[in-house]
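Sequence order for the protein chains is A and B. Quick note: the first sequence, position 66, residue 66 per our numbering, numbers continuous. Quick note: the second sequence, position 71, residue 71 per our numbering, numbers continuous.
Bear in mind the hints are in silico, worked out from the structure with no lab data behind them.
Just so you have them, the derived chain A footprint on chain B, three or more residues with Cβ under 8 Å:
hint, segment
1, 23-30
2, 101-107
3, 112-124
Every residue gets a Cβ at the ideal spot worked out from N, C-alpha and C, and that includes glycine.
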Amino acid sequence: MSDADFAIVTRDLTKTFSVARRHVGRFAAIRSLFDPIRVHRTVVDKLTMSVARGELVALLGPNGAGKSTSIKMLTGILTPSSGEVFVDGRVPHRDRVGNARNIGAVFGQKTQLWWDLPAKQSLAILRDIFDVPKSVYDRQLADFDAILELSEFWDTPVRNLSLGQRVRCEMAGAMLHDPSIVFLDEPTIGMDVVVKEQTREFLRAQVQERGRTIVLTTHDMTEVARLCERVLLINHGRLMFDGTLEQLKSKYGSGALVNVTFSEPVGALEVPGARVVSHDAMQAVLAPMGVTTPEDIVRALISRFPVVNLAVDETNIEDLMRDVYLTTADELAHKRDSPDSDRDSA
Amino acid sequence: MTTAVLDADRRRLHRSWRLLRVGVLNERAYRIRLVIAPVMLAVQLYLYDRLWTAVFSHTKVTAGFTLRQTLTYSLMALLLARVRWNARTVNVRDSISVSVREGTIAYWFLRPISPGRFYMWRQSGDIAYGAAWATCGYAVLRAGGVIDGPHGAARGSVFAVSLVLGQIVLYYLGQIVDIAMFWMLSNNGVVRMYYFVQDLLSGVFVPLWFMPAFLLVAATWLPFSSGLNVPLSLYVGRIPMKHAAFELALQAFWVIVLALFTKWMWSRAARRVTVQGG
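I would like the entire structure built from these sequences, with the hints used as guidance.
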């Protein structure tokens with residue numbers, strides 16, 4: 001497939017920020033004020049990925065992994081330090097206006113609505129800003145209302161809306177102009193389960209009925225499991241995984257954890273084919289790696305250590321992601337074998 | 001023209017109108033402001049009237065001004081300062097300072113209208129709202145015989161042109177302080193200091209002609225004087241009509257210089273947007 005077949009393409013996309021660090025020692029505060037130490041921090045590191053049209057993709061990673069920065073480069077808000085980025089064939093930061101007509105975005109914690117005005121008035125302002133014809137606007141609003149039930153509260157000033165109500169209005173605002181690509185940065189953060197489900201239904205409809213491409217960042221793994229077929233995992237700014245959730249499970253965990261309790265303190269805990277997830281003197285949690293099964297680990301533990309209790313638990317997706325984040329961080333640490341590869345450079 | 005072009009023009013007009021109205025709608029959301037604004041203005045005007053009357057109680061002319069000229073200049077300066085009152089409030093949620101601080105500035109770059117143009121329409125709405133209050137105040141003061149009108153139609157016309165140019169100068173100066181937020185990330189202190197200097201050197205506190213020579217020279221060489229002092233001095237006759245062309249040309253010069261500078265600032269700001277708070 002060529003670039004034109006994809007909604008989003010990035011190649012070696014990198015973003016480095018220059019940040020000020022404080023001096024230490026005598027007169028540190030004054031020296032930091034007038035001559036701070038400038039340090040370059042690479043937040044997104046040679047990110048290469050693509051998203052097909054009509055896909056709903058989850059962009060996952062721990063806090064500070066570079067997800068939001070990546071989204072801001074894809075939306076054209078931030079200018080990359082190096083690399084290439086194309087969104088629907090456009091370079092977003094060079095053609096911000098053209099890009100803006102074609103994309104929508106919700107940054108969960110930040111509102112684009114006018115705080116003191118009724119939500120519907122905000123939507124009407126956005127309609128005018130995006131130059132949406134009245135007939136299209138009315139139709140869109142009716143469609144959104146059917147799922148998100150906006151009319152129950154859209155005459156309320158935004159400042160008086162609950163978080164869930166506000167984010168539903170944000171979603172409507174982001175898609176009012178019928179964008180083909182939508183970026184959602186933690187849109188359901190802080191919502192109750194009912195509203196979350198309503199939002200998911202809305203997003204599913206946008207992909208299946210409207211053919212929109214959606215890139216979703218979230219820490220809610222239930223959301224990922226219910227919405228996204230494909231997962232892009234970023235850690236320390238690098239793409240660590242690109243595949244389905246099932247592939248992620250098979251790569252980073254068997255879906256089971258072995259919990260063991262010892263009768264006396266155990267020092268170094270090494271079991272072939274197992275990764276130690278946590279370990280204190282008397283207890284440990286191990287995860288199978290590769291072809292190793294939980295039963296293999298149980299047998300190995302009984303034969304080598306003073307075991308008094310054993311339990312095999314199926315991992316839930318939250319646990320899986322915790323393991324994935326820790327494992328990918330370890331993988332990166334191992335890759336950095338020279339001082340030159342340090343990501344913070346003065 | 002085709003129907004499509006007419007439709008597009010109409011929608012653009014609609015957009016501008018909608019953005020112009022935001023400031024007024026925000027004010028309406030807090031109705032107490034609609035009461036406080038005229039009361040505050042009335043108190044300011046009354047106190048200035050008493051102050052200058054007391055100052056002139058033992059003299060007829062000071063710094064080339066009569067009491068009547070001083071009252072007209074000072075009270076109109078207060079009214080004109082009200083024009084940009086909302087536009088310069090740092091705590092308005094869709095101001096640049098709050099948007100940068102809260103990270104919502106991201107949305108300014110996600111719209112098919114440049115941030116500079118969006119800023120212009122929002123500010124224009126606030127300025128129009130402030131101008132409506134100023135006009136009401138002017139009408140009341142004139143009707144009450146507290147201040148004089150311009151001497152002659154020619155002077156009135158020159159004043160009107162100078163007033164518009166002066167407001168544009170002040171708009172651009174305020175915009176520069178606002179855009180600086182992209183670099184400073186917190187500029188409340190700078191904003192307060194700037195508006196004190198602007199008010200001092202444009203003639204809001206005291207007519208510039210009362211200033212010591214060095215401040216008068218400094219104000220004349222800086223753009224602040226073009227904001228209020230020039231139009232008001234033309235209005236009250238402190239600047240002769242034969243000098244009006246030069247003063248208008250100087251104001252136009254500042255408009256062009258500041259417009260180019262803000263355009264350049266916006267282009268630089270767009271390259272260094274940071275979105276605080278993740």
